[in-house]
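A.B. asks: Chain by chain, the residues:
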Amino acid sequence: MNAMPSTDTPTTEPILKMTGISKTFPGVKALSDVALELRPGHVTALIGENGAGKSTLVKILTGIYQPDGGNIEIDGKKVDLPTAEAAQDLGITAIHQETVLFDELTVAENIYIGHQPRNRYGLIDWAAMHARAAAILHGIDAPISTRTRLKDLSIAQRHLVAIARALSIDARIVIMDEPTAALSYKEVEELFGIIDRLKKAGKAILFISHKFEEVWQICEYFAVFRDGRQVGAGRLDEVSHNDLVKLMVGRDVTQAFPKLPAEIGDVVLKVDGYCHPTEFDQVSLELRRGEILGLYGLVGAGRSEFCQALFGVTHPSAGTVTLSGKPITVRSPSDAIDAGIVYVPEERGRHGAITAMSIVSNISLPSLKVTSRRNFLRMAEEFDLARKYAERLDLRAASLSQPVGTLSGGNQQKVVIGKWLATLPKVIILDEPTKGIDIGSKAAVHAFMSQLAVEGLAVIMVSSEIPEILGMSDRVIVMREGRMAGVFEREGLTPEALVRAATGNKEAAA
Amino acid sequence: MSDQSAALTPRHIPDRLDSPFKRAAKSWETLLLAVAIAIAIANSLASPYFLDPWNLSDATFNFTEKAILALAMTFVIITGEIDLSVASIIALASTAMGAAAEVGAGTPVLFLVGLGVGLGCGVFNGFLVARLGLPAIVATIGTMSLYRGIAYVVLGDQVYKNYPADFAVFGQGYAFWIFSIEFVTFLGLAVVASIVLHKTIFGRQVYAVGNNALAASFSGVKVRRIKFIVFLMTGVAAGLASVMLTSRLGSTRPSIAVGWELDAVTMAVLGGVGINGGTGNILGVVIAAFVMGLVTFGLGLLNVPGIVMSIFMGLMLILVIALPLVVQRINNRRRVAR
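From first to last, the protein sequence lines stand for chains A and B.
The numbering of the first sequence is the numbering used here, which starts it at 466 and goes up by one.
The numbering of the second sequence is the numbering used here, which starts it at 168 and goes up by one.
Where hints are given, some of them may not hold.
To be verified - Pair ranges (Cβ atoms, derived): (1) B:G441 x A:S864: 17 to 25 Å; (2) B:L468 x A:P547: 49 to 57 Å; (3) A:K616 x B:G441: 22 to 30 Å; (4) B:M476 x A:G534: 50 to 58 Å.
Calculated from the structure, these hints are not laboratory results.
In this text, a Cβ means the ideal position worked out from N, Cα and C, and glycines have one as well.
The shape of chain A in the complex, shown without the other chains (with noise of 0.2 Å):
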């Protein structure tokens, strides 16, 4: 207790300590004999590839687990953690990935939601509610009205009212769960501010993050986890960038941005003046085989729109596609499919893949004309198919029957991406290919990419992280409010550009 440590921080003994933590599911161990230490006022970045662990701690921390065996202690007392209730009673809090609200409730109720203020009748107090609900968004710097839906709310800011219900709390332990996944680059900058000021307010933050460059801008402790295991810990500023990788990992890894280069042949995807009433205007673009286009932007500025007008998922007022120089038109996603343009979406459970189906059927799915014969299924040539696109991606899976949603993150995104190169297209358009997986298979898909475009097949990639819009883009298309607000080769493109373009010029404003 009094051994203070030479630094300037003055309170550097932990708020909550976690000792011998093991938790085991049926066949899996999950966290073998782990232990972390969150300090006040300070930052801890928990790093681990996907199926580390993070998410059970994060469980057995809030409550929702209860470990087999180990110590938790908050403030030097032992304690219990029955309850999602008894963890909030005591302080901790935690922001998800994707963070569970509810839609159709309001900003006010979805903060105080469990823990509304009560007038004297024991009636739910919505004045106060509306009131000390405003108070803590304006105390994050977050301008969102307290009676919007949540449904039409931004993810952005429904992140920050996720930090507002934090608050509302008075939590003293917080945990984020990838809080940047969904974010754009300037949104992260503002996360990052409240992050600042809720270390200022004393409170002990733990970071999941599978970036880096956040992990070293905001943290100053770390912890590794790796298939269950604490593999490492301690003061950020003594480990080097190169040491993290390799405690997560436990080999090197090369290099996490591989483009390799390849031949760039003629042009394949024309799109020429395409509007949407409301969601983008006037985008052109050139796309030839071999290459690939990276989209850049903001939340909210039109890629992911442009993307799904161009696979038939909504419908454009204006313009025109021409594919291998044909023109063509493209009314639904099957007419897309046909053309040979498919669309890796941004949210795979919802939108990529169908999760309670098993592995073949998801990647056999938009092929079966291919595997069937008049109309009949074909299982045999079904099981062939999935197996050479699984093993081209190296497919982490028991078989292949097993159902997608029991897979990690990165594995789904495989299954998504082999249902695609499955119907040999021309023109692949990932959105967020590398959102929430972890770095193993990052690199994966990264070098998957790359293998596609030396192969002749055109990519458009549509991503929020600049690291990897540099490394694997040949050329990038900025957008900004639905409009082009830039085109950049690969040559000299700097993360500066790229951004004074994506926010405009008045980077204070807005």
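Chain B: place on chain A using the hints.
C.D. replies: Relative to chain A, chain B alone:
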């Protein structure tokens, strides 16, 4: 969990882990079949008349028409929708056939009228759900009132019963020995439904739509077309059931087949078709149809009145659905405790 050194050589992923036998042993259909056999044994012990072949043959009449509805309903429920208008389609189709018979239509025409009205009603349901995007439960509750309402307006408290003598063949004829035309038709349709659902592209797409319509459409499945077709199928199935029922009864009243939509849904659910869509199979529904037929028949032999029978049916449905859930929950709890 992941073995990094093996990443260089592609690993072989097996098709499936369970053997076909193991999967069959754990399946819902096996459980249902056991229930069916148990009921059959109990029935044969309780009544000496149960095992008489002609008695058994008679017993098939009280569930085959509903079972034909249930076959089509299975497709609708697997796509995540529901069709509550089937019984009303029977009434409307029967009324149309009665009216046609009044003006002297022959048996082939009556048959086509019955199927045609069913098809038309199915098209209208499909239009409401697949084209206009109405929730199926709302749309088909609407058409449930609409179709039967028309039958009541046309018929009032009257009865159509001037059917030609040879019209009786659909509901009263025998294909061979003790096997009625109705029963043989049902078995034939069950085989066809099973092939369509489990062995064709359409069938696979039905499952895809029911599991995640959005992801299915992102995979190129024409979701609206699939939904339209399944409603068309329940319409035609109801038309066929109407031909059989009208032929068997030899008369039409507007109250014909009241409540059958729930019997059809019950058969499907009892047969293991998940009410949220995406799961279930034809074999289960066929066995469920037999289970329900056996129960009604057995209770009938024991002179249990119809009202009590419906209590019994309800209890059986809840029991059969709840039991596996309870067992699973107990298993899970034991696992967590360990």
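A.B. asks: For each hint, tell me whether it holds in the structure or not.
C.D. replies: Hint by hint, here is what the structure shows:
no.	hint	result
1	B:G441 x A:S864: 17 to 25 Å	22 Å, holds
2	B:L468 x A:P547: 49 to 57 Å	55 Å, holds
3	A:K616 x B:G441: 22 to 30 Å	27 Å, holds
4	B:M476 x A:G534: 50 to 58 Å	55 Å, holds
The structure meets every hint from the earlier list without exception.
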